[in-house]
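Line order of the protein sequences matches chains A and B. Under this note's numbering, the first sequence has 186 at position 186, and the numbering climbs by one with no breaks. Under this note's numbering, the second sequence has 41 at position 41, and the numbering climbs by one with no breaks.
Simulated from the structure, these hints should not be mistaken for lab results. Beta carbons: idealized from backbone N, C-alpha and C, even for Gly. Be careful, since some hints might not be right.
[As the list claims (entries may be wrong)] List of simulated lysine-lysine pairs, DSS-like, C-alpha gap at most 27 Å:
(1) K153/B - K179/B
(2) K45/A - K30/A
(3) K45/A - K18/B
(4) K2/B - K40/A
(5) K179/B - K169/A
(6) K114/B - K178/A
(7) K103/A - K153/B
(8) K179/B - K45/A
(9) K61/A - K13/B
(10) K13/B - K114/B
(11) K2/B - K178/A
(12) K179/B - K178/A
[As the list claims (entries may be wrong)] On the chain B side, residues computed to face chain A include the following (Cβ under 10 Å):
(13) G47
(14) I141
(15) E145
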Amino acid sequence: MRTICVNDIIEAVERLCQESNYNLNDDIKKELEKGIQTEKSENGKEILAHIIENAEIAGKKRMAICQDTGMTVIFLDIGQDVYITGGNLTDAINEGVRRGYNKGYLRKSVVKDPVFERINTTDNTPAVIHYNIVNGDRIKITVAPKGFGSENMSGLKMLTPSEGIEGVKRFIIETVDKAGPNPCPPIIVGVGIGGTMEKAALLAKKALLRPIDERSCEPRIKELELELLESINSLGIGPAGLGGRVTALGVNVEVFPTHIAGLPVAVNISCHATRHSEIII
Amino acid sequence: MKYTLEAPFDDEKIKRLKAGDTVSINGIIYTARDAAHKKMISLINEGKPLPFDIRNQTIYYVGPCPARPGEVIGSAGPTTSSRMDAYAPKLIELGLKGMIGKGLRSKAVIDAMKKYKAVYLGAIGGAGALIARSIVAQEVIAFPELGTEAIHKLTVEDFPAIIIIDSNGDDLYRMGRDKYRAVNPENNTYT
């Protein structure tokens, strides 16, 4: 049994909220640079160069890469031998978000009631938190702010088993094509296949955490990721949707066992500002 | 073509702009997004004046980040324009000439743009830190209770944008996509 005080969690979340919003991860930077070489459209090349310049400015000035600093999605892998002291864990995480966004000059984008008054909570809380129990005596915290320009273009469909792999591919491509210029291409596509409705959605979100230059270790899924990337980049949407060949920088697919009657597919679209930072306490 | 544009715009200038032209905007523009649009339309329906004279003006769909001390503004890139489609035709009818955002527009918006001569400009989505450099002054002029969604009056210099939909209804998104689309027409289930 190891004891972890909530104060350490508050501080970690505060810092991760800021770092994830100021710094574009290296895997994405690398793919953007490659994109300038492969993009055929002159407009597209220019947009990609501007996006890289934007990331440099943001990192240097500790400004948000994108003004949509997102709804804060947080994944916690909690070792089963950890004992948390000093307060409630969920409250601690939200306090970290509150401090991170307030002190970090990040935009507060959360409204309390989704349907009626839609009044801003003014501190970007509550976060969307996913708890997972694992072996060990540590806590891994991953902060992944998610902007809604791309979140709004995401989709989920409960396919039937007879629709098979062709049905899966068709739904993913259709979702990206329909999104067009809205999610700020070049995008990153997180796909979840299997499980139940909510499991597929969570797999798709988790897929966005995997570096985009790292393919699935399951050979058939790896092949699917590469094929989907090629199909998406044939759609012609291009950087900023102005036309071109670099529509997606990466496609990450995660799978899970499912029911004999089902084939759920979730597509979580993310912009180039696919942000995530993590720490192990 | 490349143009330098002074905002507010006039009709003659609007008519010359074609989808695909790149522009550099100087002058005054106003911010408004979902909540501010809803409030403006309520004011119009109640017969009350808008917080600013909308004739010939440009609205930038943005909810900026707070400014660090010593800075004018935080990151300030465009938000998805289609969420304002329900409100935009009315504002265009009242004289709005420019909208800056990103993403697709509805037929109703494009029809209003053609009828009343307005343009839709794209700023680079996700380049908010870069765009912030072009904003040299800002003040909140209405709805401060909305926080980032308040109406800000922005003074801009060399604000980079591209004409996405011109006053004839030509659409760069469509033209660009068609040029680079390489999907086999026989399997083209994607459109």
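Evaluation of the provided hints:
| no. | hint | in the structure |
| --- | --- | --- |
| 1 | K153/B - K179/B | 37 Å, violated |
| 2 | K45/A - K30/A | 14 Å, holds |
| 3 | K45/A - K18/B | 21 Å, holds |
| 4 | K2/B - K40/A | 21 Å, holds |
| 5 | K179/B - K169/A | 24 Å, holds |
| 6 | K114/B - K178/A | 24 Å, holds |
| 7 | K103/A - K153/B | 25 Å, holds |
| 8 | K179/B - K45/A | 15 Å, holds |
| 9 | K61/A - K13/B | 37 Å, violated |
| 10 | K13/B - K114/B | 14 Å, holds |
| 11 | K2/B - K178/A | 30 Å, violated |
| 12 | K179/B - K178/A | 17 Å, holds |
| 13 | G47 | 24 Å, violated |
| 14 | I141 | 19 Å, violated |
| 15 | E145 | 9 Å, holds |
Checked against the numbered hints listed earlier, the structure breaks hints 1, 9, 11, 13, 14; every other hint is satisfied.
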